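The listed protein sequences derive, respectively, from chains A and B. When the letters of the first sequence are read in order and numbered with the working numbering, they come out as residues 49 to 160. When the letters of the second sequence are read in order and numbered with the working numbering, they come out as residues 23 to 447.
Fair warning: there could be bad hints in the mix.
Said to hold, decoys possible - Cβ-to-Cβ under 10 Å is the rule here; a few derived chain B residues that face chain A:
#1 R215
#2 R217
#3 H278
#4 L282
#5 G283
#6 S286
#7 I317
#8 C319
What the hints contain is simulated information worked out from the structure, not anything from laboratory work. Owing to the predicted nature of the structure, the values given are computational and were not obtained by experimental measurement. C-beta atoms are modelled at their ideal positions from N, C-alpha and C, and glycine is treated no differently.
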Amino acid sequence: MKLITAIIKPFKLDDVKSALEAYGITGMTVSEASGFGRQRGHTEVYRGAEYTVDLVPKVRLEVLVDSKEADAVIDTIVKAASTGSIGDGKVWSTPVDSIVRVRTGERGVDAI
Amino acid sequence: MHFDTGDTAWILVAAALVLLMTPGLAFFYGGMVRGKNVLGMLAQNYVTMGIVSVLWITGVYSLAFSGKGKFIGDFHQFGLNHIWQQATGFESLTIPPLVFCAFQLMFAIITPALITGASADRLKFGSWAVFTGIWLVIVYAPIAHWVFSPSGWLYKLGALDFAGGTVVHANAGAAALALILVIGKRRGWPKERMRPHNLPFVLLGAGLLWFGWFGFNAGSALGANTLSAFAFVNTNTATGAALLGWLITEKFRDGHATTLGAASGAVAGLVAITPACGFVSPMGSIAIGFAAGIICCLATGLKNIFKFDDALDVVGVHLVGGVLGALLIGFFGTKVVNGAGANGFFYNGGWTLLGHEAVAVGATVGYSFVVTYLLALILHKTIGLRVNEDAEYAGLDLSQHAESAYENLTYSSTSSLTGLTGVQK
Chain A
49 MKLITAIIKP
59 FKLDDVKSAL
69 EAYGITGMTV
79 SEASGFGRQR
89 GHTEVYRGAE
99 YTVDLVPKVR
109 LEVLVDSKEA
119 DAVIDTIVKA
129 ASTGSIGDGK
139 VWSTPVDSIV
149 RVRTGERGVD
159 AI
Chain B
23 MHFDTGDTAW
33 ILVAAALVLL
43 MTPGLAFFYG
53 GMVRGKNVLG
63 MLAQNYVTMG
73 IVSVLWITGV
83 YSLAFSGKGK
93 FIGDFHQFGL
103 NHIWQQATGF
113 ESLTIPPLVF
123 CAFQLMFAII
133 TPALITGASA
143 DRLKFGSWAV
153 FTGIWLVIVY
163 APIAHWVFSP
173 SGWLYKLGAL
183 DFAGGTVVHA
193 NAGAAALALI
203 LVIGKRRGWP
213 KERMRPHNLP
223 FVLLGAGLLW
233 FGWFGFNAGS
243 ALGANTLSAF
253 AFVNTNTATG
263 AALLGWLITE
273 KFRDGHATTL
283 GAASGAVAGL
293 VAITPACGFV
303 SPMGSIAIGF
313 AAGIICCLAT
323 GLKNIFKFDD
333 ALDVVGVHLV
343 GGVLGALLIG
353 FFGTKVVNGA
363 GANGFFYNGG
373 WTLLGHEAVA
383 VGATVGYSFV
393 VTYLLALILH
403 KTIGLRVNED
413 AEYAGLDLSQ
423 HAESAYENLT
433 YSSTSSLTGL
443 TGVQK
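The following block holds chain B by itself, in its conformation from the complex (with noise of 0.2 Å):
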């Protein structure tokens, strides 16, 4: 095997702006929850750091990367034996296999940490570590192996995901819904209207995630190449141009353009470029970025229609913004920035791309809706997954971690003192 230095390096630092990422993700949520369960916020996406960093070298890996199954890999890597082998199909890689581990590790973490924003405020702390442990192995393994692996089914048809917008964010996104038919709604919700506490929080965890983005976009080239350039450069276009369709969307619908709504379409943007940002060139980046700032800001109205609480809205941003991503290549892909990849509507390709990204979509958002389903419904029947109501007026900070964010909490965490009602236009 030849190992380059400058990729072996760059995948490296990659591995580390993922892992900055899900603290990032952490006050990118715990800024809008309210001031009483910030910590629960914060505690649930640490915990998660660490069940999926040790559960992850363990053999979950293995199941993820190794083998040439069609549905899942196999134990050959159970525990990084054989490390020293390249996962199945990666044999032509110029950096080492345990890097490639390694970042792939970080993937995994975020993308269950990503789930704890619908479900915030009312998650027993214990039963979302079990829930997380689980659903690592029967949802992300499987789907991370369809999709990354070579041997994976969704991979064979021709499905194009540069860097998990299908696996990483359309699966948590479904899943996320899953998870919040299963719990309920939040005791006051939407009645009582809760307002995020730290605006703030809120814009430096999504410029913690703009940043390690780079990492997760950018080091799926899994070189220092041309081709990581395309990534790097498309994922900073789009997610600019997304944050300037969601303010433009909210100046005309609600009269102001909003720090919130900065954050959140430069969120919109980074997740819809993620699966395209390998395959499409930087005019298309624009276009998909605008379109993801656009639609996720509509989108996130869709739990007051359908009267889901998906608190933070991770179904609004993360499924839509992941689907939308995928479904889009199936227009801008161009074999210009990536031999690899393939043409889409757009540069001559017909239908064919869009159809096999719409499989790998649904497949996705079936298969992980399901089974998340099954295995919330059984943790809830058993373990129990909601606080009770005594732990959710208190907040999560005080009834499941002894602890409190701040000392002061008359303004920030309780509605009642600051006079707060609601009404949804």
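Extracted from the complex, chain A is given alone in its bound form (with noise of 0.2 Å):
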């Protein structure tokens, strides 16, 4: 089993749930992040103070999959998030340990 992680743009996020409920994906987690990698942030002005905002809004995506799926998952939340242009995000997996359904109390897979 693993964790898909993907940090993408707020505003991709709809494109992505879709294609992945598309793809087949029953449920994930979504939260607000902020930070940077190449884009870096940008600038504003209050009273003539220039101020540098270093980390930018952001969201994070976590889904957790059958690890014979990891692969193609990922493809579709690439596909789905990519604009082309700098600041699209990453996407990375991490192996799991266990997974238990708190209603039923099932693990492994079968709580996916």
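Two chains, two separate frames, one set of hints: put the complex together.
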């Protein structure tokens, strides 16, 4: 089992979510995040005082999948999240030891 | 005494309008501070409404407006005793003395409230309350007497101040400078930049100030007549011109015209036209407003040069704007608008009026600065004016009031979480 984590542009969330649903993913977790990569931040000015805002708002999306589906899911996210410009984000996967569905107590792949 | 119902009705409404300016100011300032200090700012302004409302009626009105003293009033109308008598020199007013007293009360509320912008984010709540009460008696009452009361020495000299450019704005600005020189900078300033947490609040507050200011300025005619109409139109015109002046200055200097600049420019215009609104023509008010927009915008940079932490630019806007407006009467004053006024330099009046205005400005600013500095110093050494380091980092909302304005403060209250670093141009 794998945890797929994707950091994407906030406005691409709907596209990615739709693509994952179309693929057959049945659940995900989405949270607001901020950070920087090669894109860096932007500048704001208040009464002539200039502020550099380093961290850019992003969306973090997490999906648990069966290991054999990981590559296909990553491809789906990358395809849907891509704009081709700087700041599109990153996707990675991490191995997961165990998963439990809280309501039923099911474990492993059945709990996904 | 003859009372005019129209005049009386208008001044009652004007007094209510001026009261609304202080909550407006609280939001104007509250939006500019960080999210962990917004309640602290609102609370300082609201407690000022409480303290001044009680003290004014109890005795400060009498000290400011009763009697024939040149420098201070007397105790004749303490506790609103003899309130059926008009204030000295106001015998021909067509409104009941109590209405005049209520109207002047609202000016006394907003004047100390203006100071809170400079000392934002670092005052102990209780100490501010003590400071306000004493300041009202030893700084506001004498200056209001000098300028507004016909017995006062600046009034007798011929210095013109229609609605309080010196008494309210230059006075509050000078006091703000004195206070922040005593208490020092916010921790982290200027290295850590402190971004306004809610610009919509700032714009909402500026709108309330603009609205309430019609009561402040047009109400200062103390009647519903042509003079109040001139004050009303001049106020609006100068404010519009100042807003444009500030935005144009920003566009050329920083590359963008900002919403904060629009709100700041409007307030700068309101400040500058305050002393002049009943003495200049609407064309003159455009010049005064436009000058205020440009000069106050540039003046907000002074704190970075001289390294005083005037958090929300009370010096740059109220001291500079108030002084500018008072001095410009010396150029634009015309008796065509107000027979009780005087002609300035542009109306063949020579330099006399400008001289009188300069004396009023110098006396007000000098007295306010020195006395406020001493008062702040004494309080700072005794009860302490500043919150401690932990309280300052936690924010005034939590440390002074055991409350918080927002559930999630990560984006608004701390710069580290947003990666905010500041570079001053």
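Hint check results:
1. R215: Since the shortest Cβ distance to chain A is 5 Å, the answer is holds.
2. R217: holds, 6 Å
3. H278: holds, 6 Å
4. L282: holds, 6 Å
5. G283: holds, 7 Å
6. S286: This interface hint holds because 6 Å falls under the 10 Å limit.
7. I317: violated, 14 Å
8. C319: The hint holds - C319 (chain B) has a Cβ within 10 Å of chain A, the shortest such distance being about 8 Å.
Of the hints listed earlier, the one the structure fails to meet is number 7.
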